[in-house]
Amino acid sequence: MKPKSQKDFVSGLMFTCVGLAFAIGATHYNVGTGARMGPGYFPLMIGILLSIGGGIVMLGSLSSGAADGDPIGRIAWKPLGLIIGANLVFGLLLGGLPTLGLPALGLIAAIYALVVIASLAGTRFSIKNALVLATILAIGSYLTFIIGLSLQFQVWPTFISG
Amino acid sequence: MDLINNLSLGFEAAFTLQNLMYAFVGCLLGTLIGVLPGIGPVATIAMLLPATYALPPVAALIMLAGIYYGSQYGGSTTAILVNLPGESSSVVTVIDGHQMARQGRGGPALAAAGLGSFFAGCVGTLILAGFAPALTEVAFKFGPAEYFSLMVLGLIGAVVLASGSLIKAICMIMLGLLLGLVGTDVNSGVARFSFDIPELTDGISFIAIAMGIFGYGEIIANLAQDEGEREVFTAKLHGLMPTREDFRNMFPAVLRGTALGCSLGILPGGGSLLSAFASYTLEKKIKLRSGEVAFGKGNIRGVAGPEAANNAGAQTSFIPLLTLGIPGNAVMALMVGAMTIHNIQPGPQVMTSNPELFWGLIASMWIGNLMLVILNLPLIGIWIKLLSVPYRWLFPAIVLFCAIGVYSTNNNTFDVWMVGLFGVVGYAFLKLGCEPAPLLLGLILGPMMEENLRRALLLSRGDWSVLVTRPISASLLVGAAVLLAIVLLPSVRSKREEAFVED
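If you read the sequences in order, they're chains A and B. Be aware that the first sequence starts at 1, since it is given in the working numbering, and climbs by one per residue. Be aware that the second sequence starts at 1, since it is given in the working numbering, and climbs by one per residue.
Some hints here could point you the wrong way.
Claimed, not checked - Which residues of chain A face chain B? A few of them, derived with a C-beta cut under 8 Å, are:
hint: 1; residue: Pro39
hint: 2; residue: Ala76
hint: 3; residue: Ile84
hint: 4; residue: Leu88
hint: 5; residue: Leu131
hint: 6; residue: Tyr142
hint: 7; residue: Leu143
hint: 8; residue: Ile146
hint: 9; residue: Ile147
What the hints assert, rightly or not - For the chain B half of the interface with chain A, some residues (derived, Cβ under 10 Å), not all of them:
hint: 10; residue: Phe193
hint: 11; residue: Ile197
hint: 12; residue: Trp383
hint: 13; residue: Pro390
hint: 14; residue: Pro396
hint: 15; residue: Tyr407
hint: 16; residue: Val419
hint: 17; residue: Leu421
Bear in mind the hints are in silico, worked out from the structure with no lab data behind them. It should be emphasised that the depicted structure is a prediction, and the values quoted were computed from it without experimental measurement. All residues carry an ideal CB built from backbone N, CA and C; glycine is no exception.
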């Protein structure tokens, strides 16, 4: 049987899976009794309730929904990948990744990387505009966060600042 | 008079040069970010929260309150001029406000929104100051069972009054509750669901979740849409002042909106969204005067009423937070997070242990409202300029602020990975039509609910009936059940769906 609302069906499925995962995970901890609840008690309870709720959402999606089947629609992979990617590269450059032996390159480099990568997600990308924006944001961030709010960031790469 | 004494204590705390400055900066930043289309108050507060870490608690809360009002006000500016509601509560402002802007009456529409909000803010502040102490008395009678039931009522209230599918919203709450449980269990010291990652033993940072879901998720969704649809009415804006006729029309609407907003805002989950919808529906029901423009065609009442209601609701939704420590909506959930960061446990004890903070915050709400009127009406030209900045310049900056903000909370890249993960999750929620606000509420309430349930059942030796044998607890649960039952009634159900559909 084809669900009448694809969105609801998938979200119900998601709720059920997450609920079950938490419930199963909770059984690895001491569940205890009502009077002496262990760390597993409450997550087990809510996990089961959530998976039941997900089931109800799924059942509901079979019977009612929009005429067009309420499809999830196209996933915007490009902005999704670029925005999340920009965020991850920012983290990598700012903090480095000691497990892979990647040194921290500091805030300024991270800002340039983030702005350029994120800008790629826009409709009309121009590397010149992206660099101008990155420069403005780098100077602005330096003034507000480092000088103004005196947050503890590594600003320059390790091999420059030592 | 207690009220006057208390308020003067508050104004004393708030009227220092430093705090006034923070209120001002908060309003300014809030408006600045709030004006940007697609960024609501939750994302704005989450984004700017790290900027308040270095401040003393009173100043930080004052600034956050300013940010909240500013972002709401900025949201309505965007709604009127760009036909894009920056947040759900300005959805109704769009209908008539944008029509007014099209007819070259954008100025009066903005003024009506601003003045209406200011009036409502004044009344809301007084109600907050008057009611809070009384409710605090009640709160001291609460035991763990009552707190648990109150949270159930609050969560149910939040989903019942929100838009969208009821059962999905309840699922989102439970998802939030579960995410809130990640981390070290306070009673046993067991690290739950932490997968042996040391950073996760402290729990998932709620800022990472809020920014990921509300910030990144929405940016991605915005980018997936065409940019061409936006039209900004800047050229046609001349003359801010509404005419005398406008004033005659909007004044009663503002009064009605304020009354509605104040009463609905106190309800858990009510807040600004429901108030704005209710006010617009009410205004539409009231007969048009001769010569008045029809609704949907640019009626000033359709702007003034909902905006007043929206602001009054925003104000009174602080009541459950400040007196009971229970956040009524997603913005208040963020406020709880902010208070915890500053080592303030929200709840009835704040008023007695920290009267300066409590009354200072209330006084600063009024100051914030005043500043917004002063700030916004003359400076409207600047905000309009900001609106005409193309989105491709704005969104990389927003991504950057989110990333910097989330990193600076713990100076740890782990949070940056988490915000990326929740960005994907947030986009998935949008695609699946799952409203994310209840999740944030559940996230904050999860540990509190578990703790109170645990204590209640410990005291009753495992007897669940304690939740229904204690009168206050029982009536709270009955209230929650009644709310659910009402919404599930077929007639109400169709009305509710109708009410949340734009027309």
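Here is how each hint holds up against the structure:
1. Pro39: holds, 4 Å
2. Ala76: holds, 3 Å
3. Ile84: Holds, because the Cβ-Cβ distance from Ile84(A) to chain B comes to roughly 5 Å (cut-off 8 Å).
4. Leu88: OK, holds: Leu88(A) within 8 Å of chain B, min 5 Å.
5. Leu131: At 11 Å from the nearest chain B Cβ, Leu131(A) fails the 8 Å test, so the hint is violated.
6. Tyr142: Violated, because the Cβ-Cβ distance from Tyr142(A) to chain B comes to roughly 11 Å (cut-off 8 Å).
7. Leu143: Result: violated, 13 Å to nearest chain B Cβ.
8. Ile146: Interface hint status for Ile146(A): violated (11 Å vs cutoff 8 Å).
9. Ile147: violated, 13 Å
10. Phe193: Nearest chain A Cβ about 6 Å off; hint holds.
11. Ile197: Result: violated, 13 Å to nearest chain A Cβ.
12. Trp383: violated, 19 Å
13. Pro390: holds, 9 Å
14. Pro396: holds, 4 Å
15. Tyr407: It holds, given that the least Cβ distance between Tyr407(B) and chain A is near 6 Å, below 10 Å.
16. Val419: Constraint on Val419(B) satisfied, holds at 6 Å.
17. Leu421: OK, holds: Leu421(B) within 10 Å of chain A, min 8 Å.
The structure fails hints 5, 6, 7, 8, 9, 11, 12 (numbered hints given earlier, in ascending order).
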